[in-house]
Amino acid sequence: MLEQIEQALNESLTRMLNMAAGLLPGMAALILALFAATFLAWIMRVLLRRSLAGIRFDERAAGWGFPLLVEWAPSRRPTLLVTRVVSWVVIAGGFLIGVSAFDVSVTSQLVHSLFDYVPNVLGALVVLLAGTVISRFLARSVLIGAVNMNLQYARLLSAGVKWLVMVLAVAMALEHLKIGAGIVQLAFGILFGGIVFALALAVGLGSRDAVARSLEREAGRTPAENAEEPFRHL
Amino acid sequence: MSGDSLPREAGDKLQQIGSADVAIGILPIPGAIGENTLPAIRETLSRLGGSVTCVILQSEGPDAEGTPATVSGMFPQSAPGASLQSFFNAYRTVFTAADQLKARACCVLGSDSKTVTADWIQRLLQPALEMEFDLVTPHYAHGPLEGLLNSSIIGPLERSLYGLRIQNPLGPDFGLSRRLIERMVSAERPHPVAGIVSTAARAGLTICEARVGARLYPAMDWANVSTLFAEITGPVLQDMERNAPFWQRARGSHAIPAMGETAARAEETEGADVGRLLDSFQLATRNLQEIWQMVLPPATMLELRRMSRLPAAEFAMPDGLWVRVVYDLALAHRLRTISRDHLLRAMTPLYLGWVASYALGLQAAGAPPAEQRLEQLAMAYETAKPYLISRWRWPDRFNP
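If you're matching them up, the sequences are chains A and B in order.
Numbering that gives the first Met the number 0 applies: residue 0 is where the first sequence begins, and numbers increase by one.
Numbering that gives the first Met the number 0 applies: residue 0 is where the second sequence begins, and numbers increase by one.
Because the hints were derived from the structure by calculation, they are not lab data.
Beta carbons: idealized from backbone N, C-alpha and C, even for Gly.
Treat the hints with care, as some may be off.
Each pair of labels, with its calculated beta carbon distance range [said to hold, decoys possible]:
1. B:Gln-288 <-> A:Val-120: 42 to 48 Å
2. A:Asn-119 <-> B:Pro-297: 42 to 48 Å
3. B:Ala-312 <-> A:Leu-200: 55 to 61 Å
Chain B stretches covered by chain A per the calculated footprint, using a threshold of three residues with CB under 8 Å from any CB of chain A [as the list claims (entries may be wrong)]:
4. 271 to 281
5. 335 to 344
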């Protein structure tokens, strides 16, 4: 009886040790992959920081209309944000490569599905980035155009346009990420319609007098009235 | 049709004509061709000796042979309010046609025909044809509130850049010699209007002014002031960027020879209501600060905010401030700090602020006449040129 117990314990210990020994190469591969990824991330970080500083990325980002990026960025520097994001992406990639070295089917499946998801994440990021750029550009165009038309509610119009485009971009990004497709569509419809409705109410009711005054002033001018102006620019 | 190539039919007609001493281009603007245009050109030609062969280039009307020969269909007729680009292209077409005709001189007429007389054409053409001048720019007898974009920016800016006191560097009426025509159609492709004075100055060509008298200025269209501002100042700033190495060497300014007698000009500024201009300026000060901050230094922003709080009667934009705004605008345009179209349109209310300040200044008791006032402004441009050069060369240097 005792012999059998001893044999069972020995076998169990051997199995455990075998399993641990079997995991060791994977562990070593994971550690190596992490080290390599960290080193690569460090190189990329240095290179990126130098090249972004070379092209004065911080100033350009502000010029392209990215105060949002500046707001999100640690220490309010877009360069730092970009370098950190890139280096963490590289380290995460190294970690996934290391994890896939374990010859375990569940881990492998997990890694595969994570890698399959990466294009969706990248696509969503591109959509968000494009949405931000377009919304800032359009908001600025509308603001300048409305101010030049002497419209008192220029800022309201500009903000409305910006949020319309941003809501559309976020909805598209979530669609790419396959997060709550049905709910996102519904929520987008409600939000988009809500913003348009809110704008219409704000302009139509809240600023009715200001709008009426502006429109009367702008649209009511005839060429004859223009001709009476003493100022000649050209 | 691009600005460089001629319409096929018109090109064929020009080939049939072969060559001419003079090419006169009548630009496609409303009212450019009137009953008196052709008689005025005939009279000019007879004053020039009668043996001068001439080709008139125009957008519409019957073709004719002999002297002057007429070639129509050179450019499409511009509708009122159309983009200025087609207007600029028409200049290039005239230069290309004049070059093809090997014309000794070319005259471009871009003003309303009601004011274009034989004297007007002769003063533009004769210096280029007979007096060895390469560029003849117009000197109009305009009122204090006419040609404001030119008086506030274009004229004094080009004067400080190239050192030449030219009243209207952008014409629209010009006289050009063969030498200058060849440069305007060269591979360098200078802007057909904004590049005329700079091309002549860079090449060391001789420039004079023709005192042509009063001109009819087109009425202001409030809805399109920012478009007009962008379409006029954009090419000038682009040309400025192109000629940076040249204008950084120029210092001071000198007068250029002038042909013809000075005509009296009205000094009427009474009844000019600046309320609307001030509204534009104040609305922009409230809404466009974020954009202006990207272009203008903090000290200028502080001044603008202070101005926006002034009551209408006390509103004044100092010349030094306005000049720095223009120079910073030129720098931001070069650096593409923001989209160039956004930049120019966002600066339009500042220009309207200057117009309001200028008009109020002229209405004030004991104010100097407009000509003296504009001379002060031009001097301010010259005085601040070192600021422009410094900002242009070292844009990253701290600028309070």
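Quick rundown of the hints versus the structure:
1. B:Gln-288 <-> A:Val-120: 42 to 48 Å: Violated, since B:Gln-288 and A:Val-120 (Cβ atoms, about 37 Å apart) do not stay within the stated range.
2. A:Asn-119 <-> B:Pro-297: 42 to 48 Å: holds (45 Å)
3. B:Ala-312 <-> A:Leu-200: 55 to 61 Å: Check failed, 39 Å falls outside 55 to 61 Å.
4. 271 to 281: holds (count 5)
5. 335 to 344: holds (count 6)
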